[in-house]
Amino acid sequence: MYQELERITEQRAGIVQERRMLQVEQMLDRELNHQTGRDTAVKALFRYWQSMCGNGRPPFANEFMPREKLNTLDARWVSWIDVTQENPFNFILYDHPGAFFGNHSNKALIQHPFKMHAARCAFEYEFCKRIRQPTYHEITQTVGHCHRSYVRLLLPTVDISGNVQKLFYATRYLTEPIAV
Amino acid sequence: MSNEGQVAIITSDQSWHCHTLQESEIETQERDTTLGTLYRLWRRVRGSDIPKEDQFDPQAVLGNGKCEGFLRFSTEALNPMDYTFSTLQSIGAIEESVALGTLDHSIQNRELILDLLYCGHLRTPMYQDINHVISLAEYHYRRLLLPVENGSGAVSGIFLCYRMVEEVENRQRDRAFL
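One line per chain: the protein sequences are A and B, in this order.
First residue of the first sequence: 1, per this note's numbering; consecutive thereafter.
First residue of the second sequence: 1, per this note's numbering; consecutive thereafter.
For the record, the hints were derived by calculation from the structure and aren't laboratory data.
Just so we're clear, the structure is a prediction, and the values are computed from it rather than from any experiment.
Be careful, since some hints might not be right.
Now the stretches of chain B that chain A is said to cover, found in silico as 3 or more residues with beta-carbon under 8 Å [to be verified]: (1) 9-17; (2) 38-48; (3) 105-118.
To list a few chain B residues with every Cβ distance to chain A over 12 Å, as calculated [to be verified]: (4) 4; (5) 33; (6) 121; (7) 126; (8) 154.
The beta-carbon is built from N, C-alpha and C at its ideal position, and this holds for glycine as well.
Produce the entire structure from the sequences given, and follow the hints as far as they go.
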């Protein structure tokens, strides 16, 4: 069992979900592909992020380029969010092709077709921005016609003044998403 | 207790349990309370959908009756952080209009924003039983959200009224028996 920092269970019209925020330290043991012996994309991104941290601060956003540094297979699981807006619903998603809810790249969270899902994400992104530390979530949900279970690691990066500018994240499906 | 939805949040120092009850339970469980009075007014002026805001005048039925919290949220903004609220009748009243985005992101504020989104989306009353434990304090209350629309049919406001069911400020004694 993984130690939970927060657990949200929600069931109401159009959405059933459980969102667990887990300890990042436990992610290190878990994000290993036991068949290949390789780190998952989540852990690969974390290792790269760690290598770019300096003097107790997150990496500089303009130097953090996971899509160039990770291998192609891992990089496809990486997306990022512009969090420079004060209002988390105005955070903008990038490299977010989206299998079930459509391509949401270059769009603000508030424009997401499932506002309740987007709202939960908004608060999680805002939390990561505020604490300036990685946050690791396990999310199992049925939203609309999609059921999926996945983990997501959020990693902050900063500008030269130390303000969090972008969150990078990698996801890994625990079970393949299915239409319900 | 029947319900139409539930949210549970557990952290190291807090728990939040919110059951959204069926609308039909308002009549039976809030027969003699301010929440019931407001709901009956809302139903009376609702027409076939939800009431027009200019036809819903809660102050008229409340008179001097006090409830523990009564707020109006302006929900015309696209972004819920830009919703504003003002206290109509409450203890510890906030007189001026305040934007939700200026509040902290405590569990109760986060969940309120989500419930306002839901209520506006569904265009239906939400009647909720909430139990919030923060460290040694426990708050148990019922609240009612009532949406109203503007002339073009958009949900322009949501009235929120709550009453405490139980407030236990110190659970030290209970813990001694655990």
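No chain A beta carbon within 12 Å of residue 33 of chain B's: Holds, because the least Cβ-Cβ distance between residue 33 of chain B and chain A comes to about 24 Å, which exceeds 12 Å.
Coverage criterion applied to the stretch 9-17 of chain B (partner chain A; beta-carbon cut 8 Å; 3 residues): holds (count 4)
Assertion that residue 121 of chain B lies farther than 12 Å from chain A (Cβ): Contrary to the label, residue 121 of chain B does not stay out of reach of chain A, its closest Cβ about 7 Å off (not over 12 Å).
Coverage of the stretch 38-48 of chain B by chain A (three or more Cβ within 8 Å): violated (count 0)
Separation of residue 4 of chain B from chain A, once the least beta-carbon distance is taken, above 12 Å: Answer for residue 4 of chain B: violated, closest chain A Cβ roughly 7 Å.
Assertion that residue 154 of chain B lies farther than 12 Å from chain A (Cβ): Since the minimum Cβ distance to chain A is about 15 Å, residue 154 of chain B lies beyond 12 Å and the statement holds.
Minimum Cβ-Cβ distance from residue 126 of chain B to chain A exceeds 12 Å: violated (10 Å)
Check of the stretch 105-118 of chain B against chain A for coverage (Cβ-Cβ below 8 Å, three residues minimum): holds (count 6)
Checked against the numbered hints listed earlier, the structure breaks hints 2, 4, 6 and 7; every other hint is satisfied.
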